[in-house]
Each structure stands twice: as structure tokens, then as C-alpha cells.
Amino acid sequence: MQNTSEYMLYQRIYQVIEQVPCGMVATYGDIATIVGGGCDARMVGYALNEIPKDRVESVPWQRIINKEGGISTRGLAQRQILEDEGIVFNAQERVIMARFHWAGPSTEWAAAHGFQTLPPRDDEDEAEQLSLF
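Take the sequence shown: its position 49, counted from the start at 1, is 1073 in our numbering, and no numbers get skipped.
The set of hints was computed from the structure by calculation and includes no laboratory data. Every clue listed holds true.
Okay, the calculated beta carbon distance ranges per label pair:
| no. | residue 1 | residue 2 | range |
| --- | --- | --- | --- |
| 1 | Ser1029 | Arg1079 | 14 to 24 Å |
| 2 | Thr1028 | Ala1135 | 18 to 28 Å |
| 3 | Gly1138 | Glu1117 | 29 to 39 Å |
| 4 | Glu1074 | His1137 | 13 to 23 Å |
| 5 | Glu1107 | Lys1077 | 18 to 28 Å |
| 6 | Arg1145 | Glu1042 | 19 to 29 Å |
| 7 | Gly1047 | Arg1098 | 20 to 30 Å |
The beta carbon of each residue, even a glycine, is placed where N, CA and C say it ideally should be.
Construct the entire structure; sequences and hints are all you get.
Pasting the structure below:
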């Protein structure tokens, strides 16, 4: 059973995940950064594993992936759901992050709800290398 502080942290994590729009993905680390307050990527994973039944329809768990664009090891359903949302995977079976990586919530939303925004990303870090063949 969760203690009160863990419960409240998980609720904040779910609130942020609910902001990730259809057709976009975020990383466990992105969500942790937005939540702040000592939250880390592992805690986001724990929270996703404990989504309460009353929130399972509203929390788009499938949109949270690892920083390399990979999905969970039991990700067959996750991949299908993401593809149904328009997400495209590359030849290495990873989401094309340069195209589908969510930039985070607006400054206004984050401030109004007590969250942080994501730092700007360097596009070069996420650019997909074009294949020569």
C-alpha cells in the first residue's frame, strides 16, 4: 500500500502524463523533470506500474518511453497503440524522437499547476541520421 507522500507524487506524475498529446511521446526522464521535487525516471516507471483502475483510461501510459525511443519489453501492445496514434518507428525499432518527442507543457500550464517546463532541446542531439542505402 502506498503512503500519502508516494500517493501524492504518483498523482502529480499522472497529471503530467495526461498532458502528453496523442501522436507524441515523452520519456520517463521528461516526466520526472516536469514533476520535479526529487522525482526521477525510475519513480515514473513505478507510478506507471501502479496506475489505479479509475485512472487507467485517462493516463496515456503508452506514450512514455525510454530516452533512446525504446518501448517496454512487453511492448507489443504498446507499439500497436503508438502506431495507431501515428507514431513511426525506425529500422532499429525505436520511435523517431526528432519527430515525435513532446516538448513538454506550456509555461502557463506548468506554472498554474506547480510543475516545471522542460529545458530546450538541442535538435542536433535528436536528429535522425539519414541512411545512405
